[in-house]
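Heads up: the protein sequence lines correspond to chains A and B, in order.
Using my numbering, read the first sequence as starting at 1 and increasing by one per residue.
Using my numbering, read the second sequence as starting at 1 and increasing by one per residue.
If you are wondering where the hints come from, they were derived from the structure by calculation, not from laboratory data.
Yeah, the Cβ is synthetic: ideal placement off N, Cα and C, and Gly gets one too.
There may be inaccurate statements among the hints.
[Stated by the list, open to error] Pair by pair, the computed Cβ-Cβ distance ranges are: (1) B:L468 - A:A82: 45 to 53 Å; (2) A:V173 - B:R382: 47 to 55 Å; (3) A:D131 - B:E378: 28 to 36 Å.
[Unchecked claim] Example chain A residues on the side facing chain B (calculated, C-beta under 7 Å, incomplete): (4) A57; (5) P63; (6) S107; (7) P174; (8) A190; (9) K191; (10) F194.
One letter stands for each residue in the lines below.
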Amino acid sequence: MMERSGHLERPEVGPPMPTSMDQTQVDTLVAAALAGDLESFNQLVLHVYPQLVGFLAFHAPNPELVDEITQATFVAAYENLAKYQSRGVFSAWVKGIGRNLLRTELSRRSRLRGINHSKLESLLAESALGDLDRGSDLVDEDQLSQLDRLRGCLQKLSPRMRMIAERRFVEEVPVKVMAQQFKQSCASLAKVIFTIRRELRSCAEGRGDLT
Amino acid sequence: MIDERRFLELIEFYLDNDLSAADETELVSVVERSPAHLQQLRSILRDQNICRTALRGFTASDIAQRVSHLVQGWRPASAASAVSTVVAHAVSRRQTTARLYWIRMAAAALIVLVTAPMLWWFIRGQPADNDATAPRVVAVTGRALTERGTLIALGDHLRIGGIARTDAGAQVALVWPDGTQVDLAGGTTLAREAGTGEHLRLDLGSISVVAAKRPAEEALEVHCADATVRVVGTRFAVAFADGKSTVSVSEGLVRVQRRSDGKSSVLGAGQQVTVNLLPPPAPMLYSAERIEAVRQAVDAGRHPWVDSMASLRSQIGDLLAPRLPDAGDLLVPAASGPQLDRHLQARAEIDQLCRSMIGLSLWGRLQMDDPAATAALERIRRATDLRLIGDEADLLVSDMLVVHVLQSADLLRSTRWWSDQDSARIDRWITEVAFPAATRLEDRRRPSPQRSRGLAALMAIEAWRGNLPQVRARMSQLRSELPRLLPAVSNARMAAAEETDNGLFQNMIHVLLAVDIARAAGGEVGAAPAEWDAAVQAFVRRVTRLKLQATHAESALSSALFGNQPWRTTQIPSAALFPDTHTNSYCWYFPNLQARDPRLEQ
Chain A
1 MMERSGHLER PEVGPPMPTS MDQTQVDTLV AAALAGDLES FNQLVLHVYP
51 QLVGFLAFHA PNPELVDEIT QATFVAAYEN LAKYQSRGVF SAWVKGIGRN
101 LLRTELSRRS RLRGINHSKL ESLLAESALG DLDRGSDLVD EDQLSQLDRL
151 RGCLQKLSPR MRMIAERRFV EEVPVKVMAQ QFKQSCASLA KVIFTIRREL
201 RSCAEGRGDL T
Chain B
1 MIDERRFLEL IEFYLDNDLS AADETELVSV VERSPAHLQQ LRSILRDQNI
51 CRTALRGFTA SDIAQRVSHL VQGWRPASAA SAVSTVVAHA VSRRQTTARL
101 YWIRMAAAAL IVLVTAPMLW WFIRGQPADN DATAPRVVAV TGRALTERGT
151 LIALGDHLRI GGIARTDAGA QVALVWPDGT QVDLAGGTTL AREAGTGEHL
201 RLDLGSISVV AAKRPAEEAL EVHCADATVR VVGTRFAVAF ADGKSTVSVS
251 EGLVRVQRRS DGKSSVLGAG QQVTVNLLPP PAPMLYSAER IEAVRQAVDA
301 GRHPWVDSMA SLRSQIGDLL APRLPDAGDL LVPAASGPQL DRHLQARAEI
351 DQLCRSMIGL SLWGRLQMDD PAATAALERI RRATDLRLIG DEADLLVSDM
401 LVVHVLQSAD LLRSTRWWSD QDSARIDRWI TEVAFPAATR LEDRRRPSPQ
451 RSRGLAALMA IEAWRGNLPQ VRARMSQLRS ELPRLLPAVS NARMAAAEET
501 DNGLFQNMIH VLLAVDIARA AGGEVGAAPA EWDAAVQAFV RRVTRLKLQA
551 THAESALSSA LFGNQPWRTT QIPSAALFPD THTNSYCWYF PNLQARDPRL
601 EQ
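Could you build the full structure based on these sequences and the hints that come with them?
In structure tokens:
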């Protein structure tokens with residue numbers, strides 16, 4: 001790796017765009033996966049991953065749950081592959097599994113507001129569950145393209161802001177560590193990070209240019 | 001109000017899993033008091049998810065590789081167990097990584113410092129080949145020792161025969177390969193023993209357990225000096241002190257068995273028991289298994305439970321809001337003549353109290369929600385402080401107060417909110433108020449709506465007292481009275497008439513309640529007699545004819561009758577069902593989460 005501007009250069013960031021596949025290709029891969037070909041299943045994972053993770057990013061209450069529900073969804077999809085009916089809607093089928101798993105987990109967490117469980121997690125789960133139950137199940141194309149645009153927005157940040165964004169969102173450096181590195185208080189840095197998130201979101205939604 | 005920068009700082013700490021207990025208390029108090037702050041928190045977390053997802057360098061092929069590894073290297077018995085285990089990992093990761101960034105660094109230093117060879121042949125490093133299921137230490141705070149007095153560190157494995165001891169204030173988290181996690185609190189001594197499945201011996205202190213689903217024959221068992229807790233997949237805590245074990249369940253079901261006499265009970269989420277007090281009181285309507293079945297039906301998105309739960313959730317604010325009636329005398333005159341308004345006023349006051357009491361009890365138990373359960377208890381106390389007087393006092397005591405107070409108490413008894421004083425209060429109220437009122441109604445010579453209400457109330461009282469032979473005897477009495485309670489001539493009139501036969505309606509709804517109590521408490525599972533079937537058919541003909549024109553009461557009875565359970569029917573047209581999923585069941589005050597048992601409608 002090369003050092004650049006004080007942070008690690010990354011040749012490419014972000015999840016890949018959906019791989020283009022027609023119904024026949026999907027069904028062929030499903031049949032092969034059912035016959036035990038794991039590589040075919042991996043191609044199916046690559047095909048539906050962006051939509052699934054996009055949906056979860058908009059609905060899960062924290063990043064860990066995005067990762068774990070994504071993984072659990074693919075395991076469940078693999079285990080239930082025989083139940084999939086070849087109608088060319090594989091991504092919707094997988095996303096439905098993800099939605100159900102997320103709903104189940106949120107419901108479970110929302111009622112664990114008691115013994116040995118974080119009240120905050122329960123409150124967040126209850127709030128997220130309410131949103132999920134009120135609809136907006138599907139991530140529309142605009143939301144998916146927001147994720148794509150957001151990568152471009154990153155490049156529009158000032159070098160310092162970009163560095164903070166990469167440390168925080170990509171490398172997930174704890175804010176206390178970053179505060180030491182940037183010689184700021186945690187509260188000041190939290191405000192900066194908040195501003196970066198808001199501006200990136202605004203840029204991705206096409207609501208304004210970055211300052 | 002919290003300073004914005006502090007609020008944002010707390011959110012970043014949350015994202016790092018680095019909130020201290022005080023931080024979390026502060027953040028919770030802010031978002032609980034202010035819906036706007038809760039929304040802002042959600043919005044920031046969503047933005048974090050989106051930025052992270054869009055910008056992070058990991059690729060879908062990483063995920064594909066992880067999934068490949070999971071499905072290739074480990075094939076559980078069922079998809080459900082695979083998924084629950086993966087999600088169990090998610091839960092444990094969030095819970096245990098709160099300190100991991102720092103612990104990792106501390107552990108690295110510790111490993112450099114502590115290099116005595118004896119550590120390695122005890123529980124350090126990879127488990128022995130014949131103990132592939134050994135749990136790994138994933139978090140340590142404070143000082144924890146093995147039985148040889150060596151320090152426990154991250155990455156250690158607790159082999160069979162090993163013992164972990166935590167100092168006061170210390171904590172250790174153990175994770176098994178299947179995702180099961182056990183957290184040792186300070187001052188705990190825990191041993192891992194040989195045997196089929198997983199056997200832990202708790203000598204002292206307390207542990208909390210998140211158990212991944214396992215085959216029944218490989219269950220996880222926690223042995224204390226006085227009890228054994230057996231579990232196949234759930235979350236619970238066991239504490240052993242002063243020679244007594246206390247088990248608290250926060251998810252799923254566990255069976256607790258007392259060693260001295262073998263007595264055992266199934267506990268569900270929200271319940272707790274001290275082992276020397278086993279068995280807990282028998283449920284009147286809501287067994288732990290039934291409550292768990294409702295939770296699972298809601299989790300799985302099954303109808304009508306998921307709709308009812310969503311409806312109940314939306315009403316919690318309203319249920320908490322109303323002013324409670326003053327304790328003391330409440331006049332309930334006859335529902336006719338010049339006192340009609342006074343009667344309706346008293347009825348409305350009791351109705352409001354009962355609705356909020358039952359709704360909050362149900363929400364508190366199903367969601368293990370402290371504020372709701374506490375508010376429900378307050379309403380139970382207030383209801384049992386009321387003294388109804390007047391011509392129809394017995395009627396309202398029986399068909400409103402008895403049924404609702406005892407159902408609410410049934411939901412909360414054996415939970416952490418319930419106290420011995422509450423049990424004593426209910427017993428006293430039954431003796432002084434409820435039983436005499438119900439007996440006076442039931443003593444009427446001829447079968448009538450009043451008599452059926454008295455009978456249903458008496459069955460509820462006997463079930464609450466755990467007097468199961470009396471419950472079965474009352475049910476037998478009810479069966480013998482059905483021909484007179486539901487005469488064929490009334491059925492014919494019900495099917496054809498424009499107006500509802502309110503007496504017949506009252507009889508049907510109270511019979512249905514009594515039948516459910518008899519089944520849940522008394523194990524009376526006999527089929528419905530012909531008289532009941534005939535009345536149901538007449539009712540079905542009526543609501544099929546009326547459909548959307550059915551009255552409020554008829555729609556409520558339609559919803560209570562609908563289903564595959566015993567004494568119910570699926571022939572009722574959907575148009576006749578009660579549109580408000582919150583309030584249909586035995587009577588129009590009862591949420592249908594209570595009336596329909598998912599275990600009987602698979």
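**Message:** Which constraints among the numbered hints does this structure fail? Numbers only, ascending.
**Reply:** none
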